[in-house]
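Here is how the chains run, residue by residue.
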Amino acid sequence: MNISDWLTLRIEIALAVFILLQLIIKIFDLIRSNETWLRLNIAITFLIVLLGFTGNDSGSLFGGMFISTSFIIIEKTILAFATLLVLMQSYNWLKHHQHTPEFFMLLLTALLGMFLMLSANNILLFYLGLEMATIPVAALANFDLDKQRSSEAGMKMILSSAFSSGMLLFGISIFYGITGTLTISSWQEILRPGGLEVLALIFIMTGFGFKISLVPFHLWTADVYEGSPVSITAFLSVVSKGAVSFALARFLFNGVIMMQEFWVEILFLLSIITMTVGNLFAMRQTNIKRFLAFSTVAQAGYILLGLAGDPVNAPTSVVYFILVYMFSNLAALGVVEIVSFATQKEDLDDYKGFYNSNKKLAIVLMLALFSLAGIPPTAGFFGKLFLFTSGIHSASVVWLLFASLNLVVSLYYYMRLVRMMFSENNEKPLASIQSPLLSNIALIICSAGILFIGIFGGLYDYLHQLAK
Amino acid sequence: MNTILSIVPIQYYIILSAILFSIGVMGVLTRSNAIIIFMSVEIMLNSVNLLLAAFSTYHNDAAGQIFVFFIMAVAAAEVAVGLAIIVMIYRNINTIDIYNLNKLKG
Amino acid sequence: MIASVFYFLSFVSIFFAVMVVVSKNPVHSVLYLILTFFSIAGHYLLLNAQFLALVHIVVYAGAIMVLFLFVIMLLNLNAATEPVKSSLMKFAGAIAGGSLMLVLIAVLSKINSIQPAHEVNTQIGLIKNLGKILFTEYNLPFEVASILFLVAMIGTVILAKKNPHTS
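Protein chains in written order, with our numbering: chain Y, 78 to 545; chain U, 440 to 545; chain C, 284 to 450.
So here's chain Y without its partners, still in its complex pose (with noise of 0.2 Å):
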């Protein structure tokens, strides 16, 4: 290996260095105070974001097992950046934590298989990837150590990323028998249509739906969100979902594109039936959490509707989405955890009224809300649109019609959120919240991503060019 190769290698091998350096900062003792861990982590994660920014070189390394494209770095620079903003945002709730050094090696790990898994041609270091992902995730999933509710969400995590890996592990080792080769990019030249790839072919789409959450796979999703912490359920609902529909993309255009027809009829039932389920089941929620959780469910829908369009249109509509989704989500979640940490209340209905209370945290949500239902001119408007607009290629009118009445039904749960923060009464208020200057600092970057990208049309056809 020589010099351009460790380049090519860059993001990956700081993050694991650092991974290690904070395991031995941690067994010496070296640095005893939980801000300072906080700090060291923050300034770690804003590293490996501009170390995406370095340098747009592509190769391929390890006999072909590991590639890098400017459209692979950019699909990793948006994790990381989701990552500080979810770090940036659990500042109070890790202050005081006796578990700190290990939630952020933990989650670095985690970060850190999602990028192999992102670079991945060979299905082993892809299948190695996913787990580094999951496993360290159902681990924090449990991390409110004290609360019976964050060791039964940490449960359900594992018991069901468990199952999805043995039906994801049946269908590769089909594929392996059909082809006699790991590399996904020859699988491209070797697999036709036929009764075993076909089988195949859904149980690794079984694997990846329950880990985007599709229905009818998303029953784990609703209480895990629910009883982790809020980081976590921030951290599941954008770094996780967004590297699994990266990767779903990736092998769907990349390893199985001979079956298109076969795929997309697949993707049809499952994203009809995800959003109407999503969609259904989130009005009637009474918990924030809960609600978010199949808000998510449902925006999955949309993703599978965009992944029905040609190899060129689909993956760049949903980075975008994702880097759209990215931004809302974690408003959302942001000024969930600021409440959470403050008052303890997680129901709907102690959030009426919040306008009262806490003018900015409250114009904040509505921004995200908003964001999340798709309403013009914040940015989630402009996701959903290039999501249709790359779908309408492959996507039947029954689908293209069922997304639009489904668009037009979370309208209904997410507005009458934003109506009972700023018109309703409530007989025991909020109180107001000072919130610390981290996340307000997380808050102010995701909430000009909501207003301004949207407007910026040049990173559509930036991402556009990336993918040719």
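Warning: the hint list may mix true and false statements.
Taking CB as the label site, the calculated pair distances span [claimed, not checked]:
#1 E426(C) <-> P293(Y): 55 to 65 Å
#2 E426(C) <-> G132(Y): 48 to 58 Å
#3 T419(C) <-> T146(Y): 19 to 29 Å
#4 L371(C) <-> G534(Y): 48 to 58 Å
#5 L350(C) <-> G535(Y): 51 to 61 Å
#6 I532(U) <-> I108(Y): 31 to 41 Å
#7 V341(C) <-> L127(Y): 16 to 26 Å
#8 Q175(Y) <-> Q450(U): 51 to 61 Å
#9 K307(C) <-> L84(Y): 53 to 63 Å
#10 P270(Y) <-> V403(C): 23 to 33 Å
#11 D134(Y) <-> L371(C): 55 to 65 Å
#12 L433(C) <-> G535(Y): 39 to 49 Å
#13 L97(Y) <-> T419(C): 20 to 30 Å
#14 S434(Y) <-> L371(C): 48 to 58 Å
If the Cβ cut is set under 7 Å, some of the chain Y residues that face chain C in the computed set are [to be verified]:
#15 G141
#16 L201
#17 L202
#18 F330
#19 I334
Calculated from the structure, these hints are not laboratory results. We put the beta carbon where it would ideally sit given N, CA and C, even for glycine.
Got chain Y; can you put chains U and C on it based on the hints?
Here is chains U and C on its own, set in the frame of chain Y:
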């Protein structure tokens, strides 16, 4: 020299693996003891390992056996974390029956 | 003669796997699972995957199952703790698994389209050859797996440590 696949055709290995996989799936769906559910997931992963090893001999490619190593490694790590979570749940509610994990309903 | 060894080992694996799922006592389930693993290791030996058979016994029967047994003994589980659940759920689960098995066998027994390799090398299961490939071609997953182990260890220790403040 010949491998066993000249005596026992590959279809038999695939059927054996499918039967073991569905036994594992039945175990996950039917049992309520969390530890037995984990063991059924291990049966599923073992059936996949057997299938990969058989295909590796069929295609004369060592990559299948290397994949089996890594699946074993990941299964070990997953079992470690899973059992730690089970121990935590037991400390909280004194049972590991998954039907008792219903505090998060609603 | 070798075919009858294959049928015997298959019968043993399936029988003990069913016993794992069906038996009431968790300790019995663990022991049946260990027997299942031994029979699958026998299958690996039939396929001439020698190193795989050894590693399978050492890792699965030697490490993972011992861990299961430790946890069962620690939690003091016996048959009395699993109450009788509604048989409708068990029936539904059995039907689901049974239909999965039927579909899989129906599809998978009709494969004629996979081409086997033309040259046959019976030595790919030996330690030397596997080691050569593992450390040259598959070097990156090997290093990545080490970080995975480290992190699993950290997670396990955090979760399983008894906390003197809150107990």
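Tested hints:
About 37 Å separates the C-beta atoms of E426(C) and P293(Y), a value inconsistent with the hinted range of 55 to 65 Å. Take E426(C) and G132(Y): their Cβ atoms lie about 23 Å apart, and the range 48 to 58 Å is violated. Separated by about 25 Å at the C-beta atoms, T419(C) and T146(Y) satisfy the suggested range of 19 to 29 Å. Taking 48 to 58 Å as the suggested C-beta distance range, the pair L371(C) and G534(Y) conforms, at roughly 56 Å.
At roughly 54 Å, the beta carbons of L350(C) and G535(Y) sit within the given window of 51 to 61 Å. Between I532(U) and I108(Y), the C-beta spacing of about 36 Å keeps the proposed range 31 to 41 Å intact. Taking 16 to 26 Å as the suggested C-beta distance range, the pair V341(C) and L127(Y) does not conform, at roughly 44 Å. Q175(Y) and Q450(U) have their C-beta atoms about 56 Å apart, which keeps the hinted 51 to 61 Å range intact.
In this structure the hint that K307(C) and L84(Y) lie 53 to 63 Å apart at CB holds, the actual value being about 59 Å. Between P270(Y) and V403(C) the Cβ separation comes to about 30 Å, which falls inside the hinted range of 23 to 33 Å. Range check, D134(Y) to L371(C): Cβ separation about 59 Å, and the 55 to 65 Å hint holds. Separated by about 42 Å at the C-beta atoms, L433(C) and G535(Y) satisfy the suggested range of 39 to 49 Å.
At roughly 24 Å, the beta carbons of L97(Y) and T419(C) sit within the given window of 20 to 30 Å. Distance hint for S434(Y) and L371(C): a CB-CB separation of about 49 Å, consistent with the stated range 48 to 58 Å. Using the Cβ-Cβ criterion of 7 Å, the hint placing G141(Y) at the interface with chain C is not satisfied: the shortest such distance is roughly 10 Å. Using the Cβ-Cβ criterion of 7 Å, the hint placing L201(Y) at the interface with chain C is satisfied: the shortest such distance is roughly 5 Å.
The interface hint given for L202(Y) holds, since its Cβ lies 5 Å from the closest Cβ of chain C, which is under the 7 Å cut-off. For F330(Y), the interface hint is violated, since its Cβ never comes within 7 Å of a Cβ in chain C; the closest pair sits about 23 Å apart. Checking I334(Y) against chain C by beta carbon gives a least distance of about 19 Å; that is not within 7 Å, so the hint is violated.
The structure is inconsistent with the numbered hints 1, 2, 7, 15, 18 and 19, although it conforms to all the rest.
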